[in-house]
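What the sequence shown shows, in mature numbering (1 follows the signal peptide of the UniProt record, and there is no 0), is residues -20 to -1, 1 to 477, in sequence order.
To be clear, the hints were calculated from the coordinates, so they are not data collected in a lab.
Since this is a predicted model, take the numbers as computed values, not measurements.
One should not assume that every hint holds.
List of simulated lysine-lysine pairs, DSSO-like, C-alpha gap at most 30 Å [said to hold, decoys possible]:
#, residue 1, residue 2
1, Lys38, Lys421
2, Lys292, Lys333
3, Lys262, Lys292
4, Lys219, Lys196
5, Lys262, Lys78
6, Lys172, Lys38
7, Lys274, Lys196
Derived CB-CB ranges, DEER-like [as the list claims (entries may be wrong)]:
#, residue 1, residue 2, range
8, Glu232, Asn429, 54 to 60 Å
9, Arg140, Arg109, 31 to 37 Å
10, Lys292, Arg99, 21 to 27 Å
11, Gln431, Asp402, 20 to 26 Å
12, Glu468, Gln431, 18 to 24 Å
13, Asp450, Ala407, 15 to 21 Å
14, Asn429, Asp143, 39 to 45 Å
15, Lys56, Thr301, 43 to 49 Å
16, Asn404, His344, 36 to 42 Å
Think of the CB as a built atom: it goes at the ideal place given N, C-alpha and C, for glycine as much as any other residue.
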Amino acid sequence: MADVRWTVVCLLWISSLCYAQDARTGSRGGGSPDVDLYAIEDRLVFPQRPSDYQTFRKTLMYPYDRYDLVTIDSSKQESEVSLQARLPFFGFHYKYIKVHLNGYLHFSGAPATYRFPVRFPMRPEDTIREKDPALIAPWLSYQSMVRDIPESGVYFRLFRIGDHSDRDPDQWLERRALEDFREGMIGAADFKPTFVAIATWRNMTLTGMQNKENVKTNTYQVVLASDERRTYVMFNYEKIDWIAVNDVNNGENGENPFVGFNAGNTTRYYEFIPYSQEPRVKNLPQHGEGNGIKGRYIFEIEEEIWHGSCIKWELVPHLITSRPRLTFFPKYASMLGGTLINVTGPCFDPNEKIECQFQDMSGHRLPAIYRDTNHATCLMPPVIFHGYVDLTVSQGSRDAMFYGRFYVQPPELAAEDIEILDDNDKAERPEQIRIKWNPHKLINNNNTNVQLHLWGYNDDQEYPQLTYIDTLSSGMRNGDMRYTINMEMYRERYNWD
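Based on the provided sequences and hints, a complete structural model is requested.
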């Protein structure tokens, strides 16, 4: 007779389906606020700050002023800034950053010229004079400042979290950076940056533009934040009037700017599809919806590039054959299920059915929770398998398009979400067993009712089994965090079936 061993498993379940851990704001803002933030005078003045913080958060652009102007022109096209901290980016680490006139930040020697369409990684023939650059590019192109517009130029501001400044007396800017990244990117709920860098290209025109009377200009921005372990970046597009790097007549027809990231050293790159080097790059100010604001796009960039803004698949129908990558967090969970997984991929519609599927042997599609345009939440079912599986998300009646590789852990490797205190579970006949759990792993609402269930897990068969045994308690409050199981209550219970 086979020696069948059973593992007893306790699970906490939320009695009502709620949002996941990363609570986000549901605000809706426009690409530009109603108030004109920039006074058109002889010089750029500090953007007019609203009287309340929530209005300040709904504005697209982070503030910049004349003190942030960088000495950059056609003869000196970049400026280097020491970060005095470590910046992880695409698998490398840097302690400085270079701001370039041509619409990007970089960390190594940049080529003197770019040939469009740009193809990364670059393999220069003269590796002494030129290198494959590590760069962050919201708008890689050839561009110039406009002499007749006093505010035209490149602006850069660097500040460390916790440093007080007369320019931000209430620390609204610091607070905003913290909340924007935490709420705009899944997996960033506990992110607290060490420093924040803000680079702004204001009223930049195409180099060589012939029309001197009605000059077309673009204004966009990069907000970069890191805690020296994780790095997030935000692209803000306020105004895009020209989109062709080689059309000096009207800036409409020709090759389009590169938008994305390159790791450098001829290694890896990430091109922001479906906008980069396509005419639809003109639509960047109308899409994005990062933090509910049009024109904003958020990424996580320390090791790999993960997008935090949805992709409108209908812009490029053939994307369905290329299986674009799904952004999700956490990246792994126990096979016993019950984990809430936040996802970003297609642009979600609250009026359409959203489904998640873990590509195990069951093949079931499970309903997901709509959070906002960029985010939905999947409730992981028991997946009786350990290893990598495909996690896919579909919307409406369409086939699943976005996918990611999700790791399913066996129970012995998974972190214990329920901690048994005093080791009484090892006693032969304990009088009581005290348990403890982290309420934030279930839901941010401490008043939510939770239930305690007992399950058995058997992995000695050819196919693992998960068997429900009994309900130990119901009506507990999530915020209680502890519960004492009185063993006398269960000594007469028999659950043979």
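Each hint, compared with the structure:
no.	hint	in the structure
1	Lys38 x Lys421	holds, 29 Å
2	Lys292 x Lys333	holds, 16 Å
3	Lys262 x Lys292	holds, 14 Å
4	Lys219 x Lys196	holds, 10 Å
5	Lys262 x Lys78	holds, 26 Å
6	Lys172 x Lys38	holds, 20 Å
7	Lys274 x Lys196	holds, 21 Å
8	Glu232 x Asn429: 54 to 60 Å	holds, 59 Å
9	Arg140 x Arg109: 31 to 37 Å	holds, 35 Å
10	Lys292 x Arg99: 21 to 27 Å	holds, 25 Å
11	Gln431 x Asp402: 20 to 26 Å	holds, 23 Å
12	Glu468 x Gln431: 18 to 24 Å	holds, 20 Å
13	Asp450 x Ala407: 15 to 21 Å	holds, 20 Å
14	Asn429 x Asp143: 39 to 45 Å	holds, 44 Å
15	Lys56 x Thr301: 43 to 49 Å	holds, 46 Å
16	Asn404 x His344: 36 to 42 Å	holds, 37 Å
In terms of the numbered hints stated before, the structure departs from none.
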